[in-house]
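There are 2 protein chains.
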Amino acid sequence: MSKEILDTLITPSDTKIIFFIIDGLGGLPMEGRGGSELEVANLPNLDQLAAQSACGLLEPVGAGISPGSGPAHLALFGYDPIKYSIGRGVLSALGIDFELKPGDVAARANFATMDREGRVIDRRAGRISDTTNQQLCQRLKKEVFLGPDIQWFFEPEKEHRAAFVLRGEGLSSEISDTDPQKTPFPPKEPKALESNADKAARLVKEFLAQAQKTLQDEEKANMILLRGFAQYHPIPSMSERFGLKAVAIANYPMYRGLARLVGMDILPPCPDIAGEIAALAQNYEKSYNFFFIHIKEADTKGEDGNFAGKIKVLEDVDRFIPQVLALRPDVLVVTGDHSTPSVLASHSWHPVPVILHSKYARVDKVDKFDEISCLAGSLGQQPMVNLLPLALAHSLKLIKYGA
Amino acid sequence: MSKEILDTLITPSDTKIIFFIIDGLGGLPMEGRGGSELEVANLPNLDQLAAQSACGLLEPVGAGISPGSGPAHLALFGYDPIKYSIGRGVLSALGIDFELKPGDVAARANFATMDREGRVIDRRAGRISDTTNQQLCQRLKKEVFLGPDIQWFFEPEKEHRAAFVLRGEGLSSEISDTDPQKTPFPPKEPKALESNADKAARLVKEFLAQAQKTLQDEEKANMILLRGFAQYHPIPSMSERFGLKAVAIANYPMYRGLARLVGMDILPPCPDIAGEIAALAQNYEKSYNFFFIHIKEADTKGEDGNFAGKIKVLEDVDRFIPQVLALRPDVLVVTGDHSTPSVLASHSWHPVPVILHSKYARVDKVDKFDEISCLAGSLGQQPMVNLLPLALAHSLKLIKYGA
Numbered sequence: 267m268s269k270e271i272l273d274t275l276i277t278p279s280d281t282k283i284i285f286f287i288i289d290g291l292g293g294l295p296m297e298g299r300g301g302s303e304l305e306v307a308n309l310p311n312l313d314q315l316a317a318q319s320a321c322g323l324l325e326p327v328g329a330g331i332s333p334g335s336g337p338a339h340l341a342l343f344g345y346d347p348i349k350y351s352i353g354r355g356v357l358s359a360l361g362i363d364f365e366l367k368p369g370d371v372a373a374r375a376n377f378a379t380m381d382r383e384g385r386v387i388d389r390r391a392g393r394i395s396d397t398t399n400q401q402l403c404q405r406l407k408k409e410v411f412l413g414p415d416i417q418w419f420f421e422p423e424k425e426h427r428a429a430f431v432l433r434g435e436g437l438s439s440e441i442s443d444t445d446p447q448k449t450p451f452p453p454k455e456p457k458a459l460e461s462n463a464d465k466a467a468r469l470v471k472e473f474l475a476q477a478q479k480t481l482q483d484e485e486k487a488n489m490i491l492l493r494g495f496a497q498y499h500p501i502p503s504m505s506e507r508f509g510l511k512a513v514a515i516a517n518y519p520m521y522r523g524l525a526r527l528v529g530m531d532i533l534p535p536c537p538d539i540a541g542e543i544a545a546l547a548q549n550y551e552k553s554y555n556f557f558f559i560h561i562k563e564a565d566t567k568g569e570d571g572n573f574a575g576k577i578k579v580l581e582d583v584d585r586f587i588p589q590v591l592a593l594r595p596d597v598l599v600v601t602g603d604h605s606t607p608s609v610l611a612s613h614s615w616h617p618v619p620v621i622l623h624s625k626y627a628r629v630d631k632v633d634k635f636d637e638i639s640c641l642a643g644s645l646g647q648q649p650m651v652n653l654l655p656l657a658l659a660h661s662l663k664l665i666k667y668g669a
Numbered sequence: 267m268s269k270e271i272l273d274t275l276i277t278p279s280d281t282k283i284i285f286f287i288i289d290g291l292g293g294l295p296m297e298g299r300g301g302s303e304l305e306v307a308n309l310p311n312l313d314q315l316a317a318q319s320a321c322g323l324l325e326p327v328g329a330g331i332s333p334g335s336g337p338a339h340l341a342l343f344g345y346d347p348i349k350y351s352i353g354r355g356v357l358s359a360l361g362i363d364f365e366l367k368p369g370d371v372a373a374r375a376n377f378a379t380m381d382r383e384g385r386v387i388d389r390r391a392g393r394i395s396d397t398t399n400q401q402l403c404q405r406l407k408k409e410v411f412l413g414p415d416i417q418w419f420f421e422p423e424k425e426h427r428a429a430f431v432l433r434g435e436g437l438s439s440e441i442s443d444t445d446p447q448k449t450p451f452p453p454k455e456p457k458a459l460e461s462n463a464d465k466a467a468r469l470v471k472e473f474l475a476q477a478q479k480t481l482q483d484e485e486k487a488n489m490i491l492l493r494g495f496a497q498y499h500p501i502p503s504m505s506e507r508f509g510l511k512a513v514a515i516a517n518y519p520m521y522r523g524l525a526r527l528v529g530m531d532i533l534p535p536c537p538d539i540a541g542e543i544a545a546l547a548q549n550y551e552k553s554y555n556f557f558f559i560h561i562k563e564a565d566t567k568g569e570d571g572n573f574a575g576k577i578k579v580l581e582d583v584d585r586f587i588p589q590v591l592a593l594r595p596d597v598l599v600v601t602g603d604h605s606t607p608s609v610l611a612s613h614s615w616h617p618v619p620v621i622l623h624s625k626y627a628r629v630d631k632v633d634k635f636d637e638i639s640c641l642a643g644s645l646g647q648q649p650m651v652n653l654l655p656l657a658l659a660h661s662l663k664l665i666k667y668g669a
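Protein sequences, first through last, are from chains E and A.
If you use my numbering, the first sequence corresponds to residues 267 to 669, in order.
If you use my numbering, the second sequence corresponds to residues 267 to 669, in order.
No wet-lab data here; the hints were simulated from the structure.
None of these values were measured; they are calculated from a predicted model.
Treat the hints with caution; some may be incorrect.
What follows is a set of in silico ranges between Cβ atoms, one per label pair, in the way DEER data are often shown [as the list claims (entries may be wrong)]:
1. Ile665(A) with Ile331(E): 27 to 37 Å
2. Gly571(A) with Ala540(E): 55 to 65 Å
3. Ile331(E) with Tyr667(A): 39 to 49 Å
4. Ser461(A) with Lys367(E): 36 to 46 Å
5. Pro649(A) with Thr397(E): 54 to 64 Å
6. Pro649(A) with Asn308(E): 47 to 57 Å
7. Ser503(E) with Ala544(A): 30 to 40 Å
8. Gly298(E) with Asn572(A): 51 to 61 Å
9. Leu662(A) with Pro368(E): 54 to 64 Å
10. Gly301(A) with Asn308(E): 27 to 37 Å
11. Asn572(A) with Ala540(E): 29 to 39 Å
Quick list of in silico lysine-lysine cross-link-like pairs, BS3-like style, CA-CA up to 30 Å [stated by the list, open to error]:
12. Lys486(A) with Lys634(E)
13. Lys465(E) with Lys479(E)
14. Lys634(A) with Lys625(E)
15. Lys448(A) with Lys486(A)
Ideal placement from N, C-alpha and C gives every residue a C-beta, glycine not left out.
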């Protein structure tokens with residue numbers, strides 16, 4: 267349905283919604299293991315919650331589409347992940363918790379190794395250490411100057427990776443990548459892909475020239491490659507769109523960044539899941555009416571192809587469900603942003619099981635929380651972007667459409 | 267699917283379709299009652315019909331959206347309820363069975379009480395009686411004159427409510443409400459919200475001034491408030507779009523109005539459900555090939571939060587199913603326009619169970635007509651606007667798409 271119509275039906279209310287997001291939740295059976303991660307795991311609390319709730323499956327973006335974290339979370343937050351696309355550079359900056367301002371142009375950056383003939387021979391600079399990365403970023407900060415009207419940022423991620431951001435008037439992100447993608451080839455020129463990107467392209471070129479000079483004596487990281495230029499355009503916040511005062515509890519910077527993108531308040535990172543649950547409880551009585559709690563580890567284990575490890579994470583998570591329920595939220599949703607089957611060791615396109623708990627939920631016959639049991643759920647299989655409207659409805663935050 | 271494509275596939279046929287619509291059909295379990303209204307009710311005929319039919323659930327407008335009667339019925343009749351939105355003023359006029367003409371501007375009207383300082387102190391004029399309402403409408407008719415080129419109507423609903431309609435050349439409904447919504451505040455000026463609404467705004471102003479003079483000695487109903495101005499734009503009829511010669515059997519004016527909106531013939535109101543079924547039988551052999559029969563009472567009981575009362579209505583309705591089946595329609599659909607769970611005492615967003623009976627239906631394993639049983643139906647869960655195309659297909663009124 268048109269999101270614009272949904273946005274007109276919002277009515278203020280004190281009811282509270284918790285989105286308990288287990289990253290990479292959905293899975294697939296692995297041979298010899300007797301089922302999928304969810305099917306094999308021992309999840310007494312999630313199974314009981316499923317039995318008392320409406321269940322179903324959510325498709326993050328579309329049939330066959332394996333989403334990245336960006337589109338998957340936008341869908342969870344009620345934003346059409348096709349309409350609200352976020353460039354890779356912007357995601358990269360969000361991923362290190364960098365506070366972008368409107369108009370900023372961001373790119374993914376790699377330290378790399380160039381030979382004497384000017385050819386890139388290692389696109390990852392031998393995977394330099396995080397410490398080296400940080401030191402080099404500091405040096406760049408001291409030595410590169412792009413003029414008084416331009417701010418720039420070069421912020422370390424892990425190993426050879428960094429985020430590059432240009433801030434100033436009249437910038438555009440229509441700039442071609444400098445990363446040749448293959449070795450041994452020279453880096454590409456950053457070219458303006460449309461005329462109003464000339465200024466930004468010139469600044470990128472200047473930045474790269476000065477950076478190369480700064481780094482010239484480095485053995486490995488003697489140059490920088492940039493790709494995925496994207497400009498940050500703010501999107502309407504969850505407060506503006508849905509009247510939600512939202513807060514994020516997430517230990518990984520990417521998810522804090524995505525939550526910031528839709529205007530959530532961000533709590534400080536916690537040491538572990540127990541810490542996140544404690545933070546939820548501590549903040550529950552504050553003025554927030556939407557709580558996004560993000561559990562990363564299931565995805566990590568799935569990405570590692572670690573079937574047993576993912577099961578262990580799910581079983582760990584299961585123990586915290588009673589504490590979440592004890593807060594008596596008006597709506598509790600448990601789901602993932604996408605599937606990460608261990609057998610694929612990557613994000614996948616498979617729909618993600620979902621539990622929607624509310625006194626107005628149409629409780630179905632599902633009494634086990636897994637991919638196949640949830641097929642019998644009253645929510646059916648539907649687009650993930652429908653989840654937020656459903657949560658709003660079940661917490662009585664929507665008025666009737668039409669008379 | 268695109269409605270435009272559907273419309274190109276229509277082929278004439280003598281087959282007959284009955285839409286048996288139980289308003290507010292869907293429900294939710296109420297604590298201590300052992301299930302939802304449909305689950306608890308004793309419905310031998312509907313259960314048997316379900317067992318011999320294709321079942322499923324229909325979502326009226328979209329995820330989480332609780333529809334009013336207008337959009338819900340448009341969806342039933344095969345009209346996208348977002349694309350074909352009907353303004354509140356138009357619905358109000360439809361709701362008293364008023365025959366709108368293209369270009370008419372309609373608004374909801376309240377009799378109200380104003381104090382000597384010109385402030386509205388009761389937006390409902392102490393809920394005057396229906397009789398007083400009718401008398402005041404008559405007086406307005408006699409005493410207000412807006413010029414020779416403008417027709418206007420002020421038609422009583424119940425208590426303090428009425429419908430106001432302006433008819434003439436060059437009108438627009440882009441006029442602001444006069445209802446201040448809160449007391450004690452003076453009424454607002456009716457303002458033209460775009461330049462081509464100047465004429466209509468001026469007429470509304472003139473009407474209100476003359477009406478106030480007419481009503482000035484009334485103790486309670488000494489003024490009128492107007493809101494929800496909307497212009498009537500005809501929409502393509504079911505005959506034009508689907509080649510259906512459609513007739514409506516509905517006891518409540520709102521539903522006759524909605525049926526008229528899509529070009530149905532309208533039979534006179536009947537005293538009760540038995541009367542409606544008799545009217546269906548009496549008209550069945552006429553040239554109609556689409557019969558819309560509307561049972562209001564389930565919604566009324568749901569709106570009242572009367573769980574037992576809604577069950578009784580459902581059981582009453584159930585007894586008439588054999589008489590409907592005895593007509594041997596090519597397609598018999600039993601469903602609702604939306605859910606009205608007694609526990610919510612209001613329209614809700616929950617999908618509505620549906621039975622589609624036809625010799626070409628894909629009969630599934632559903633043998634009980636309720637919200638959870640229908641989840642296993644061969645129709646699955648789908649948008650309500652799909653129902654009419656499905657009925658057309660099952661009555662062999664659609665040709666193949668493409669070669």
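Hint by hint, which ones does the structure fall short of?
2, 3, 6, 7, 11, 12
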